[in-house]
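Using the sequences and the accompanying hints, generate a full structural model.
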Amino acid sequence: MKALLISAICFLSVSTITTQTVMVNGVPRDTSFTLNRTFLKERKYRPYIEPVKANLPDHVRAYEQVTYKTVKNKWGEHELKMNIYRPDDNKKYPVLLMIHGGGWNSGSLELQVPMAQQIATKGYVTIPVEYRLIPEALYPAGVEDLEDAIEWIYKNAKRYGIDKKKIAVSGCSAGGQLAMLIGTKNKSGKIGAIINMDGISSFVTDESVNRAQQAREENKPLPVDAIWLGGTYQEKPQNWKDASALFWITSKSAPVCFINSSIPRFHNGRDEAIAKLKSFDTYTEVHTLEDTPHTYWFFRPWFDTTVSYMTEFLDKIFKNDNK
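1396 is the number that the working numbering gives the last residue of the sequence shown; the numbers go up by one with no jumps.
None of these hints come from the bench; they were simulated from the model.
This structure is a prediction, so every number in the text was calculated from the model and none was measured.
Just to be clear, a hint being listed does not mean it is correct.
[Claimed, not checked] Label-pair distances were calculated between CB atoms; the ranges are:
| no. | residue 1 | residue 2 | range |
| --- | --- | --- | --- |
| 1 | Tyr1227 | Val1097 | 25 to 33 Å |
| 2 | Thr1378 | Asp1279 | 27 to 35 Å |
| 3 | Lys1147 | Ser1324 | 36 to 44 Å |
[Stated by the list, open to error] The list that follows gives simulated cross-link-like pairs (lysine-lysine, DSS-like), each with its CA atoms no further than 27 Å apart:
| no. | residue 1 | residue 2 |
| --- | --- | --- |
| 4 | Lys1293 | Lys1258 |
| 5 | Lys1389 | Lys1351 |
| 6 | Lys1238 | Lys1351 |
| 7 | Lys1195 | Lys1154 |
| 8 | Lys1314 | Lys1258 |
| 9 | Lys1165 | Lys1260 |
| 10 | Lys1117 | Lys1142 |
| 11 | Lys1309 | Lys1145 |
| 12 | Lys1238 | Lys1228 |
| 13 | Lys1165 | Lys1238 |
| 14 | Lys1258 | Lys1164 |
| 15 | Lys1195 | Lys1117 |
| 16 | Lys1145 | Lys1195 |
| 17 | Lys1309 | Lys1165 |
| 18 | Lys1147 | Lys1195 |
| 19 | Lys1238 | Lys1258 |
| 20 | Lys1309 | Lys1260 |
| 21 | Lys1325 | Lys1293 |
| 22 | Lys1154 | Lys1260 |
| 23 | Lys1392 | Lys1351 |
| 24 | Lys1260 | Lys1237 |
| 25 | Lys1145 | Lys1325 |
| 26 | Lys1147 | Lys1325 |
| 27 | Lys1392 | Lys1258 |
| 28 | Lys1165 | Lys1117 |
| 29 | Lys1238 | Lys1147 |
| 30 | Lys1258 | Lys1237 |
| 31 | Lys1231 | Lys1154 |
| 32 | Lys1228 | Lys1145 |
| 33 | Lys1263 | Lys1154 |
| 34 | Lys1258 | Lys1389 |
| 35 | Lys1126 | Lys1260 |
| 36 | Lys1154 | Lys1142 |
| 37 | Lys1263 | Lys1351 |
| 38 | Lys1195 | Lys1238 |
Note that beta-carbon positions come from the ideal geometry of N, C-alpha and C, so glycine has one too.
The following block contains the structure:
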């Protein structure tokens, strides 16, 4: 692989950080968000944390770097990949599409692999997935990729022992926002459950709108959410609304499990979304992990609790029939 280092500036939340964008096989990738960098940052405040790394369990089968879609861009073609983990037998199982975070501009499917491998031991097919990020494309490209991934799963269910009537999506941070969006839109009608880990349910909040507009008025670089959405709310109001799950909730929306850190800004739109889901008699549950960093899902002591919340919710929806 040829890698070309290019200096770049990336803006996450309200802070500015210097990052590097790497051209890998002709596709720009921001490498700023990794497990190791996140661990080094968080252990300064919580020295007891332990990162969980990929380690394929016994009796779990892996199909890695499976191409589900090829897209053309100004650099050439990009083969979008997914990993597939499942119990090593011939039974049919529900499936969980797992969407990584990284502020819509960084991260990789590998960030979801440790959790995917563990959930596969609980009787699920788990699929960490790649999607286009800001260095390559803006909204709605990544959303379209994930909706296409759902269609790919449905069409290839038999090959991988997937019960195509039991499809769930999960995501962390930006991935949680994306999981919430495609699961509430439920464009295909095929998504039966959503797990949202610290992903916002609405971009249209005073905090986000004002932060982006202030940056524009002061001639400063926009926050990363505004970059992804193509501009400020005043410039791109429809994008801001269309990317917000809150505005898509209907009777077609899937049940939702929210698993949140103790940082309020990552709950934006959650309570309003819950109220709207309840108005359609759609099942929701909320778990808040006290005194946790935003990226709690990477680390013990919270990793195992998170996996338990996820699988217990999925069991309720897909296995126990008692929502």
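### Contradicted hints - numbers only
Numbers 4, 10, 14, 15, 16, 17, 18, 21, 25, 26, 28, 29, 35 - these are the hints that the structure violates, sorted from lowest upward.
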